[in-house]
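Student: Could you build the full structure based on these sequences and the hints that come with them?
Read left to right, the sequence shown gives residues 1 to 174 (UniProt numbering).
If you are wondering where the hints come from, they were derived from the structure by calculation, not from laboratory data. Every residue, glycine too, gets a C-beta built ideally from N, C-alpha and C. One or more of the hints may lead you astray.
Cut-off 25 Å, straight-line C-alpha distance, at most; resulting in silico cross-link-like pairs (BS3-like, lysine-lysine) [claimed, not checked]:
{"hint": "1", "residue 1": "Lys56", "residue 2": "Lys75"}
{"hint": "2", "residue 1": "Lys45", "residue 2": "Lys90"}
{"hint": "3", "residue 1": "Lys90", "residue 2": "Lys59"}
{"hint": "4", "residue 1": "Lys56", "residue 2": "Lys14"}
{"hint": "5", "residue 1": "Lys75", "residue 2": "Lys46"}
{"hint": "6", "residue 1": "Lys83", "residue 2": "Lys56"}
{"hint": "7", "residue 1": "Lys19", "residue 2": "Lys75"}
{"hint": "8", "residue 1": "Lys90", "residue 2": "Lys139"}
{"hint": "9", "residue 1": "Lys45", "residue 2": "Lys83"}
{"hint": "10", "residue 1": "Lys46", "residue 2": "Lys14"}
{"hint": "11", "residue 1": "Lys59", "residue 2": "Lys14"}
{"hint": "12", "residue 1": "Lys56", "residue 2": "Lys19"}
{"hint": "13", "residue 1": "Lys14", "residue 2": "Lys45"}
{"hint": "14", "residue 1": "Lys139", "residue 2": "Lys173"}
{"hint": "15", "residue 1": "Lys90", "residue 2": "Lys56"}
{"hint": "16", "residue 1": "Lys83", "residue 2": "Lys59"}
{"hint": "17", "residue 1": "Lys75", "residue 2": "Lys14"}
{"hint": "18", "residue 1": "Lys59", "residue 2": "Lys19"}
{"hint": "19", "residue 1": "Lys83", "residue 2": "Lys19"}
{"hint": "20", "residue 1": "Lys14", "residue 2": "Lys83"}
{"hint": "21", "residue 1": "Lys139", "residue 2": "Lys75"}
{"hint": "22", "residue 1": "Lys45", "residue 2": "Lys75"}
Ranges of calculated distance between the beta carbons of each label pair, as one might list FRET restraints [what the hints assert, rightly or not]:
{"hint": "23", "residue 1": "Met91", "residue 2": "Asp154", "range": "23 to 33 Å"}
{"hint": "24", "residue 1": "Pro92", "residue 2": "Glu125", "range": "14 to 24 Å"}
{"hint": "25", "residue 1": "Asp163", "residue 2": "Asp69", "range": "51 to 61 Å"}
{"hint": "26", "residue 1": "Gly17", "residue 2": "Asp163", "range": "51 to 61 Å"}
{"hint": "27", "residue 1": "Glu68", "residue 2": "Glu122", "range": "29 to 39 Å"}
{"hint": "28", "residue 1": "Glu68", "residue 2": "Glu112", "range": "54 to 64 Å"}
{"hint": "29", "residue 1": "Lys56", "residue 2": "Asp163", "range": "38 to 48 Å"}
{"hint": "30", "residue 1": "Thr2", "residue 2": "Gly138", "range": "22 to 32 Å"}
{"hint": "31", "residue 1": "Val38", "residue 2": "Lys59", "range": "17 to 27 Å"}
{"hint": "32", "residue 1": "Ser146", "residue 2": "Arg94", "range": "15 to 25 Å"}
{"hint": "33", "residue 1": "Glu156", "residue 2": "Asp74", "range": "51 to 61 Å"}
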Amino acid sequence: MTIEESFYIGYVSKTRGLKGEVQLFFEFEDYNELDLDVIFLEVNKKLVPYFVDTIKLQKNSTAYATFEDVDHIDKAQALVRRKVYLPNDKMPERDPDDFRWTDLVGFLVIDEEHGELGEIIEVREMPQQFIATVDMDGKDLMFPLSEDLILGIDAEEEIIEVDLPEGLVDLYKE
1 MTIEESFYIG YVSKTRGLKG EVQLFFEFED YNELDLDVIF LEVNKKLVPY FVDTIKLQKN
61 STAYATFEDV DHIDKAQALV RRKVYLPNDK MPERDPDDFR WTDLVGFLVI DEEHGELGEI
121 IEVREMPQQF IATVDMDGKD LMFPLSEDLI LGIDAEEEII EVDLPEGLVD LYKE
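Tutor: Right, dumping it as structure tokens:
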């Protein structure tokens, strides 16, 4: 299986104990809906399957897992910081009405004053809010996804209209 045939769900953050248990950190929002009997870790740009023996999901976007043939901390240590993937056919179905900030990736941003700014290339969750990153002529313009700044979202045309604070866009044009 290749990376193109899969989707990213998180990474191995650390080992736990001496018997090969690892902590997974999920960057996939609906991690509790995933089928985690086999996961794939990226090793040298290839995906290697690991069969899950036990997994305990936690409330803080983490899980503790043990894998077949990983029965010692030394074997588990080699897995730390590896990216975790699942096959595309294991992607959970989502209700079409369930819209999330991360769905805005790929949307064109149009500012009321400055016009077309560019496409959203990333939406990152910060402690207080979500931050959108727009590719504006090769520079990364970042702004908060706040209801105060958003004038409208056209999901069909993939356009988001905003009224960014005065001076914000000018900072990135210099």
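Student: The structure should be examined with respect to each hint, and the outcome stated for every one.
Tutor: Evaluation of the provided hints:
1. Lys56 to Lys75: holds, 20 Å
2. Lys45 to Lys90: holds, 21 Å
3. Lys90 to Lys59: holds, 21 Å
4. Lys56 to Lys14: The given pair, whose Cα atoms are some 15 Å apart, holds under the 25 Å limit.
5. Lys75 to Lys46: Roughly 18 Å separates the two Cα atoms, so the pair holds.
6. Lys83 to Lys56: holds, 19 Å
7. Lys19 to Lys75: Satisfied, since the Cα-Cα distance of roughly 9 Å is no more than 25 Å.
8. Lys90 to Lys139: The given pair, whose Cα atoms are some 35 Å apart, is violated under the 25 Å limit.
9. Lys45 to Lys83: holds, 10 Å
10. Lys46 to Lys14: holds, 21 Å
11. Lys59 to Lys14: holds, 17 Å
12. Lys56 to Lys19: Satisfied, since the Cα-Cα distance of roughly 15 Å is no more than 25 Å.
13. Lys14 to Lys45: holds, 20 Å
14. Lys139 to Lys173: Status holds; Cα separation ~8 Å.
15. Lys90 to Lys56: holds, 19 Å
16. Lys83 to Lys59: holds, 20 Å
17. Lys75 to Lys14: holds, 12 Å
18. Lys59 to Lys19: holds, 23 Å
19. Lys83 to Lys19: holds, 21 Å
20. Lys14 to Lys83: The given pair, whose Cα atoms are some 12 Å apart, holds under the 25 Å limit.
21. Lys139 to Lys75: Outside the cut-off at roughly 41 Å; violated.
22. Lys45 to Lys75: holds, 19 Å
23. Met91 to Asp154: 23 to 33 Å: The hinted range 23 to 33 Å holds for Met91 and Asp154, with Cβ atoms some 25 Å apart.
24. Pro92 to Glu125: 14 to 24 Å: holds, 19 Å
25. Asp163 to Asp69: 51 to 61 Å: holds, 56 Å
26. Gly17 to Asp163: 51 to 61 Å: Once the Cβ atoms are compared, 52 Å apart, the range 51 to 61 Å for Asp163 and Gly17 holds.
27. Glu68 to Glu122: 29 to 39 Å: holds, 35 Å
28. Glu68 to Glu112: 54 to 64 Å: Given range 54 to 64 Å: holds, Cβ gap about 56 Å.
29. Lys56 to Asp163: 38 to 48 Å: holds, 46 Å
30. Thr2 to Gly138: 22 to 32 Å: At 29 Å between Cβs, range holds.
31. Val38 to Lys59: 17 to 27 Å: holds, 24 Å
32. Ser146 to Arg94: 15 to 25 Å: For Arg94 against Ser146, whose Cβ atoms are near 24 Å apart, the range 15 to 25 Å holds.
33. Glu156 to Asp74: 51 to 61 Å: Once the Cβ atoms are compared, 53 Å apart, the range 51 to 61 Å for Asp74 and Glu156 holds.
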